[in-house]
Structure formats: C-alpha cells, structure tokens
Amino acid sequence: MVDTVPTAAAPEASLQLKAQKRRNLWLALALVAFVVTVGVTTAVRIQETDFSGGDRLYFSGYLDEAEKEQADREAVERYEAMRAEEAAQTQAAVTEPAEAAETPESGDE
Amino acid sequence: MSVEMTAEPSTPKLATAGDYVELLKPRIMMLVVFTALAGLVAAVGVTGQAINPVLASVAILAVALGSGAAGAINMWYDADIDAVMTRTSTRPVPSGAVPKDEALTMGLIMSAVSVLLMWIASNVLAAGLLALSIAYYGWFYTMVLKRRTAQNIVIGGAAGAFPPVIGWAAVTGNTPLDAWILFAIIFFWTPPHFWALSLVAHKEYEKAGVPMLPVTNGAKATRDQILIYTLLLAPIGLAPLLTGLGGWVYGAVGVVLTLGFIFFAAKVWRSEAGEADAGDAERKLAMGMFAFSIFYLFGLFAALIIERGFGLYFPLGGL
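In order, the protein sequences belong to chains Z and S.
FYI, the numbering for the first sequence is 1 to 109, going by this note's numbering.
FYI, the numbering for the second sequence is 1 to 319, going by this note's numbering.
Worth flagging that the hints you see were computed from the coordinates, not collected in a lab.
Treat the hints with care, since some could be wrong.
[To be verified] In silico DSS-like cross-links for lysine-lysine, where the CA-CA straight-line distance does not exceed 27 Å: (1) S:K100 <-> Z:K18; (2) S:K220 <-> S:K203; (3) S:K203 <-> S:K100; (4) Z:K18 <-> S:K267; (5) Z:K21 <-> S:K25; (6) S:K220 <-> S:K146; (7) S:K284 <-> S:K267; (8) S:K284 <-> S:K220; (9) S:K220 <-> S:K100; (10) S:K207 <-> S:K146; (11) S:K220 <-> Z:K21; (12) S:K284 <-> S:K146.
Construct the complete structure from the given sequences, taking the supplied hints into account.
The structure is reproduced here in structure tokens:
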C-alpha cells in the first residue's frame with residue numbers, strides 16, 4: 001500500500017478530493033432526506049387511510065370515473081348506516097329510562 | 001488508508017454546489033412549482049377536498065424535483081449546442097464543471113425519485129402525469145422536436161403546461177375542465193414568451209443550428225405569430241371567469257394583464273425587432289415583452305392562489 005501524491009499535481013488533486021468529499025456528503029444528506037420524506041409521508045398516509053372502507057394506501061387515485069362514483073356511493077351508504085345505528089342507540093338510551101320511570105316498581109303498589 | 005492521486009488535467013473546473021443547482025434550471029423550476037401550487041390550491045378551493053399539508057408539501061417537492069430532473073436531462077443532451085451559444089456556454093456541462101454522464105445520471109435518478117414521491121404522497125394519476133411531463137420535456141421536446149421543427153416551442157410548450165394539472169390531480173385524483181384551462185393558459189402563453197426572447201437571440205440559435213421561428217421564417221413571421229398567439233391567449237386567460245374558477249380578483253388582474261400583454265405584442269408586431277438592422281430600442285422592446293410575459297403568468301396564477309387560498313373568492317357568475 002503506497003500513498004502516491006505527485007508533487008506537481010498535489011494542490012489540484014487535493015482540491016479534487018475535497019470536492020469529491022463535499023459531493024459525497026451532499027449525496028448522503030440527500031439520501032437521508034429521501035428516507036425521512038418517504039417515512040413521514042407513509043406515516044401520514046397510514047393515519048389518513050380508512051382501510052376498512054376499501055381505501056388502498058398507494059393507489060387512491062381513481063382512473064375510472066365509474067369506479068370512483070361507486071366507491072363514493074358505498075362510502076355514503078356506510079356513513080348513513082352508521083348514523084342510523086347511532087340514532088337508534090340514542091333513541092333506545094332515551095326511551096329505556098322513560099319507560100322505567102312510567103312503570104312503577106311492584107313493591108310500591 | 002491509502003490515497004492514490006494522479007493529476008486530472010481533463011477536468012478544467014471544479015464543480016460547486018451552485019453548478020448542480022444550475023443544472024436543475026432553478027428559474028424554470030420556480031415557475032413550475034408556482035403553477036403547480038396554484039393548481040393544488042385551486043383544486044382545494046373549488047372541490048372542497050382537503051389534502052394534508054405534509055402530503056401537499058411532498059407533492060410540490062416532487063414537482064420541483066421532476067422539473068429539475070427534466071432540466072438536467074435537457075442540459076446533458078443539449079451540451080453541444082449550449083457550448084456554441086454565448087448565453088448558454090457557461091452552463092455547468094459545456095463549461096466542464098459537471099461531466100455529461102453525471103448530469104444524465106442525476107436527471108434519471110431524480111426523475112425516478114420525483115415520480116415515486118408523488119405516488120407516495122398523492123395518487124397514481126398525479127405520478128403518471130408527472131412522469132409524462134418529464135418524458136415530454138426531457139425526451140420529446142429536447143431530443144425530438146427542438147432540433148427538427150420551428151414548431152418546437154408550440155408543441156413542446158405542453159411540457160411546461162402540465163404542473164397545474166398535476167397539482168390538481170394530487171388533490172382530487174382527477175383532472176376536470178378547470179385544470180385543463182390552466183394547462184391551456186400556459187400552453188398558449190409559451191410561444192409568445194419564447195419567441196420574444198428568440199427575436200433577440202436568433203443569431204445564437206442560428207449559429208447552433210436550432211430551427212427557432214426567427215431563424216427559419218424570419219423576424220416578420222415571428223412577430224406575426226407572437227401577435228396571433230397573444231390574441232388566442234387573451235380569451236383563454238380569462239376563461240376561468242366563465243367556469244367560475246376565477247372570481248372578481250382574478251377578473252380584475254386578468255383583464256389588466258391581458259390588455260398589457262396585447263399592448264406589448266402589438267408594439268413588437270409594429271416594430272422591427274429581430275431584423276438585421278434592428279437597434280437597441282427594438283431589442284429592449286422584445287426583452288420587455290419577454291419580462292412582461294413572465295409577470296403576466298405569475299400575476300394570473302397569483303390571483304388564483306389569493307382567491308382560492310385566502311378566502312377572497314367572490315364569484316362573477318359562471319356557467
């Protein structure tokens with residue numbers, strides 16, 4: 001193993017090496033930035049995606065308009081069913097205490 | 001550790017970070033990013049669909065990277081003609097600061113990264129449109145059109161017109177009429193914008209063998225075409241008022257800028273700009289039109305961002 005640095009070309013070679021090191025550093029930083037960007041983006045997408053509703057993480061753009069309309073209809077139906085169920089539960093919660101109040105305890109008679 | 005060094009006399013200049021930035025054509029990138037942002041903001045304002053700010057930022061970053069990638073590929077391929085023209089001879093590749101193959105590698109890697117990021121941040125349609133626009137500029141315009149036809153700027157103008165459509169698609173996953181109106185504005189704006197510059201730089205293009213309109217058809221035909229395309233652009237620039245995309249702010253800004261653009265085009269048409277005996281006044285007039293055209297496009301898209309992004313949209317009526 002020999003360190004060969006021709007004296008005449010030494011300043012220029014030294015500058016070249018410095019420039020190369022600087023480029024390598026920028027490349028490394030760019031790579032880290034890319035990894036972080038992909039990681040953060042994926043995390044945000046996972047948080048925002050409703051997997052139970054048929055969303056696809058990296059393919060949420062609908063190329064087919066009919067497919068999009070169908071998906072929208074299904075989403076609205078799911079939402080309405082959920083609201084109806086919530087309303088029924090609320091109604092039941094309100095009705096049960098009222099009925100309980102109207103029906104006197106047998107021991108009171 | 002061993003260090004083996006030999007002199008590299010073939011490398012005339014050491015590349016700086018600035019050379020790599022210049023390789024990405026930052027001025028074009030700024031306009032591309034701005035118009036993509038306008039498309040994105042308009043899509044949110046018009047459709048009411050929300051996009052997470054992080055995802056929106058990554059989508060805009062992807063557009064910027066895609067623009068830079070196309071610029072690097074263009075500089076790689078055009079290094080020979082850039083070296084001939086004074087205006088472009090100091091660019092990183094012809095000046096020897098960045099090796100040709102390095103410019104190409106950088107362009108290709110950045111293309112892949114930008115499309116991937118767009119897909120991850122938004123949807124496959126926006127990513128596909130971004131890939132198409134990079135290929136359109138980097139391959140179709142640069143390698144096919146530019147050296148073959150005087151219509152290079154007209155057909156190639158589509159490459160720069162994609163960003164607002166990409167921005168829109170990133171939000172909604174589709175591209176309605178309003179997005180294509182923004183496309184059409186940039187498409188019809190590109191010829192008068194570049195031909196104004198080529199009236200001044202036509203000798204350079206001639207020297208490099210690039211068939212720009214003033215080189216192939218003369219200055220008079222170019223001035224005629226500048227006026228024709230400006231008159232075509234005028235109603236298209238105001239079309240957002242018809243669909244309801246633009247409101248009072250866009251209308252006011254659009255009318256003033258459109259009249260200004262027509263005024264400049266008419267003055268250039270009546271002048272001797274681009275002729276062999278043209279003086280400094282004609283040169284200044286052509287460059288004035290070139291500068292105003294940038295202001296025009298910036299103004300229209302800024303009005304759209306202000307209206308749709310800052311809640312200042314007051315409808316004029318619409319269809």
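Hint by hint, here is what the structure shows:
With a CA separation close to 21 Å, the supplied pair K100 (chain S) and K18 (chain Z) stays within the 27 Å bound. For the suggested pair K220 (chain S) and K203 (chain S), the alpha carbons sit about 15 Å apart, so the restraint of at most 27 Å is met. With a C-alpha separation of about 26 Å, the suggested pairing of K203 (chain S) with K100 (chain S) holds against the 27 Å cut-off. Distance restraint check for K18 (chain Z) and K267 (chain S): the Cα-Cα separation of roughly 53 Å exceeds the 27 Å cut-off, and the hinted pair is therefore not satisfied.
Restraint check: the Cα-Cα separation between K21 (chain Z) and K25 (chain S) comes to about 24 Å, which is no more than 27 Å; the hinted pair holds. For a cut-off of 27 Å, the pair hint linking K220 (chain S) to K146 (chain S) stands: about 21 Å separates their Cα positions. The straight-line distance between the Cα atoms of K284 (chain S) and K267 (chain S) is roughly 12 Å, inside the 27 Å bound, and the hint therefore holds. The suggested pairing of K284 (chain S) with K220 (chain S) holds, with an alpha-carbon distance near 17 Å, which does not exceed 27 Å.
A threshold of 27 Å between alpha carbons decides the hint, and for K220 (chain S) with K100 (chain S) the separation of about 37 Å lies outside it, so the pair is violated. Simply put, K207 (chain S) and K146 (chain S) have alpha-carbon atoms about 15 Å apart, close enough for the 27 Å limit, and the pair holds. For the given pair, K220 (chain S) sits about 53 Å from K21 (chain Z) by alpha-carbon distance, which is inconsistent with the 27 Å threshold. Taken as a hint, the K284 (chain S) and K146 (chain S) pair is honoured in the structure, with Cα atoms around 26 Å apart against an allowance of 27 Å.
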